[in-house]
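The whole structure should be built from the sequences, with the hints applied where relevant.
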Amino acid sequence: MNREETQHLIDALDGCGVKYLIVVPATGLEALFYHFETHGHCIYATREEEAVAIATGLALGGEKAIVVMAQAGVGNALNAVFTLADAYGVCFPILVCFRGKEDPNLVQRISASQTQLVLNALECAEISWDGDASKQKFKELIAGRQRWIKCAI
Amino acid sequence: MNTDKTLERGEVLRMIVDHVGDDVCLISPLGYITRDLFSLTAERREQCFYCMGSMGSVVPLALGVSLSSPAKRVFAIEGDGSLLMNLGALVTLRRYGKGKILLFVFDNRCYESTGGQPSQPQGFNIEEVCRAAGLETSVATDTREIEQFFELRKTTPDSPAVLVIKVALAPPRVRVDEEPKLIADRFSNWLSRRR
Chain D
1 MNREETQHLI DALDGCGVKY LIVVPATGLE ALFYHFETHG HCIYATREEE AVAIATGLAL
61 GGEKAIVVMA QAGVGNALNA VFTLADAYGV CFPILVCFRG KEDPNLVQRI SASQTQLVLN
121 ALECAEISWD GDASKQKFKE LIAGRQRWIK CAI
Chain G
154 MNTDKTLERG EVLRMIVDHV GDDVCLISPL GYITRDLFSL TAERREQCFY CMGSMGSVVP
214 LALGVSLSSP AKRVFAIEGD GSLLMNLGAL VTLRRYGKGK ILLFVFDNRC YESTGGQPSQ
274 PQGFNIEEVC RAAGLETSVA TDTREIEQFF ELRKTTPDSP AVLVIKVALA PPRVRVDEEP
334 KLIADRFSNW LSRRR
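If you're matching them up, the sequences are chains D and G in order.
Throughout the first sequence, residue numbering follows my numbering, covering 1 to 153 in sequence.
Throughout the second sequence, residue numbering follows my numbering, covering 154 to 348 in sequence.
A hint or two may mislead.
List of simulated lysine-lysine pairs, PhoX-like, C-alpha gap at most 20 Å [as the list claims (entries may be wrong)]:
no., chain 1, residue 1, chain 2, residue 2
1, G, LYS251, G, LYS307
2, G, LYS251, D, LYS19
3, D, LYS150, D, LYS64
4, G, LYS251, G, LYS225
5, G, LYS334, D, LYS64
6, D, LYS139, D, LYS19
7, G, LYS307, G, LYS253
8, G, LYS307, G, LYS225
9, G, LYS225, D, LYS64
What the hints contain is simulated information worked out from the structure, not anything from laboratory work.
Listed below in structure tokens is the structure:
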């Protein structure tokens, strides 16, 4: 994700009033982490299911949180999403940063291909951080309680 | 009555519930602990979040609740097997948690609800893992030690504390018969009323 795309993402999150970023650190998102470290709360979790549980607790208490994870974390997160956040009807978005099928890491290519199938089943929305239209789209997805949102990294 | 320096799960839960004031919420894990707790908290329903899934999520869930509602005290109850499923959460708790979180680990050294398979090898002590994560950790093998723990925590320190309680095996009580969304909405409303 280049600097301009990252700024659009940050603007979209700020525009929706997101105060807590819960992440397992992933490549290419350093500027996003730094923004929330300095202008909100950035919580580094050790695994994606842990991030989901933290966000669930925050949302139960009325805070606006988002979980951001790499595509490789989707599998880790699923049980917590299904049996905690979904089962108890707790609303917060999960942004999956996708490395894509042309990733130089051959294992990540397979991961991308397989994870895409999972995301399709989860009715994941897709967004490109390319301007004001993307910020508006993100706002609409949040208003619609969209759980899974995918973007390219 | 146990003679091997372990406590009865129901007795311990009753002691914890007795210490739940109007500013305390309880979060319990999937399995027998939640079933027992549900049977003991009819008067405190709105303060309880009964997990019926997501094994290993109690600690991070409690952390999120505490961050969102800093005026509350959070009693998080876990089993040893459930805690082992997500040990990284102890490190995150140490890093971001405040002193209003008390973590009670019910240590029966097995996965009781699936038939009693061992959860820890001989010589392994879950309290040492908690201490290694930098969390202030005590151990209770009798009721006096549990009361001592509460006494010491009357003033809120800066960081979370853990009490590992050695408990015996026991059959569970009733199943939770409430809809998860009802539990979450009630709990969330309670948090919002008393922020």
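Q) Which numbered hints are broken by the structure, listed smallest first? A) none
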